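Chemist: Sequence:
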Amino acid sequence: MGAFAILSSTMSKNPVLNPFAESLNTPTALMGVVAAASTVPGIIISLPAGVLSDVLGRRRVLLFSALIFASAPLLYIFIDSWWQLVLVRFYHGFATAIFVPVAKAAIAERFPSKKGEKISTFTSATLVGRSIAPFLGGFILSVTFWNYDLLYTAVGVAGTASLIAALFLPREDHSGRGGPAPSNSLRRMKSLGLPSGWGEVLKNPGILSVSVVEASTLYAYGALEFFLVGYLNNVVMLDPFLIGVISGSQLIFIPLINPFMGRLSDKVGRRRPILAGLALGGTVLSLIPYTRSFPALLTISIMYGLSFSMVTSSTSALVGDLSRRELYGTSMGFLATIMDVGQALGPIITGVIL
788 MGAFAILSST
798 MSKNPVLNPF
808 AESLNTPTAL
818 MGVVAAASTV
828 PGIIISLPAG
838 VLSDVLGRRR
848 VLLFSALIFA
858 SAPLLYIFID
868 SWWQLVLVRF
878 YHGFATAIFV
888 PVAKAAIAER
898 FPSKKGEKIS
908 TFTSATLVGR
918 SIAPFLGGFI
928 LSVTFWNYDL
938 LYTAVGVAGT
948 ASLIAALFLP
958 REDHSGRGGP
968 APSNSLRRMK
978 SLGLPSGWGE
988 VLKNPGILSV
998 SVVEASTLYA
1008 YGALEFFLVG
1018 YLNNVVMLDP
1028 FLIGVISGSQ
1038 LIFIPLINPF
1048 MGRLSDKVGR
1058 RRPILAGLAL
1068 GGTVLSLIPY
1078 TRSFPALLTI
1088 SIMYGLSFSM
1098 VTSSTSALVG
1108 DLSRRELYGT
1118 SMGFLATIMD
1128 VGQALGPIIT
1138 GVIL
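In case it helps, this note's numbering puts the sequence shown at residues 788 to 1141.
Please keep in mind that the hints were generated in silico from the structure rather than gathered at the bench. Any given hint could turn out to be false.
[As the list claims (entries may be wrong)] Here are the simulated DSS-like cross-link-like pairs (lysine-lysine), alpha carbons at most 27 Å apart as the crow flies: (1) K905 x K1054; (2) K901 x K1054; (3) K901 x K990.
A quick note: this is a predicted structure, and the numbers were derived from the prediction, not measured.
Given the sequences, and given the hints that come with them, work out the whole structure.
Modeler: Okay, structure coming up:
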């Protein structure tokens, strides 16, 4: 499910969103708003979705997110103005905002002693979809001469596949670790002390610190993901397929690297991989404005993907380490909320600067 879901959501924006927004005559100062529209739902819904999954069970919430993954892509075909694109991106953003924290909470709950490894394995599955998306999207745009309708039809196929996969998710064992029975939802909400459970997470300085680090990482990623395509298209003047190659290469090796990084953080601690990843990412990003050649840009993209993996493979596991099992969903939802604040601000602030 994760691979198809993230393939769908990523192909809807990379590398198509920037040129699609330009074709709709989006004002330059508002290009960042278009890019950020899909991350705003994460700020709104990730924490409540995590809390609801603690109360109602993970499967129900994941099925709801899958419905959005399947339905949102069809709306792009009817867009004829930039403000409609903002609205559709906003709706589409609810899918990932709900799916990611709830899926991570389910994994942390099921594998308490191997959270780093198992969450990283899940992340690798999603990154298979995320890394394929720019290549496939760039190829479709190249062979169809920038036919946006056909591309978003392909996005819809991937979204529908994620919904079909979600239907086969195992039902939770309500007598054990799998989550609360629906009939006991109100009682479980009271036992968790909601919204006092939110307060426990908000008052945890460790979770706050990790969330800020994640937000900083996604601030840079959000700006890079959207505006790198414009840089490669308008400044470097690359073919759309080559743009997709550079965009996709950020993540192409991460499905192999991420589980190793997760196991490493289980053994040596979370702090070292996070700090090393932040240092590497900052270094390679600073080289982009001075680079025009395809091989050099490809190398920079790969190195940035490695740095991104080093950080994100450890942050979710660290939040799991710092929270009670009963509040995994709430904690992961809070992490996703703060992360989306960073990812939303990245393209908005960058767009204003540009």
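Chemist: Enumerate the violated hints, using their earlier numbering and listing them in ascending order.
Modeler: none
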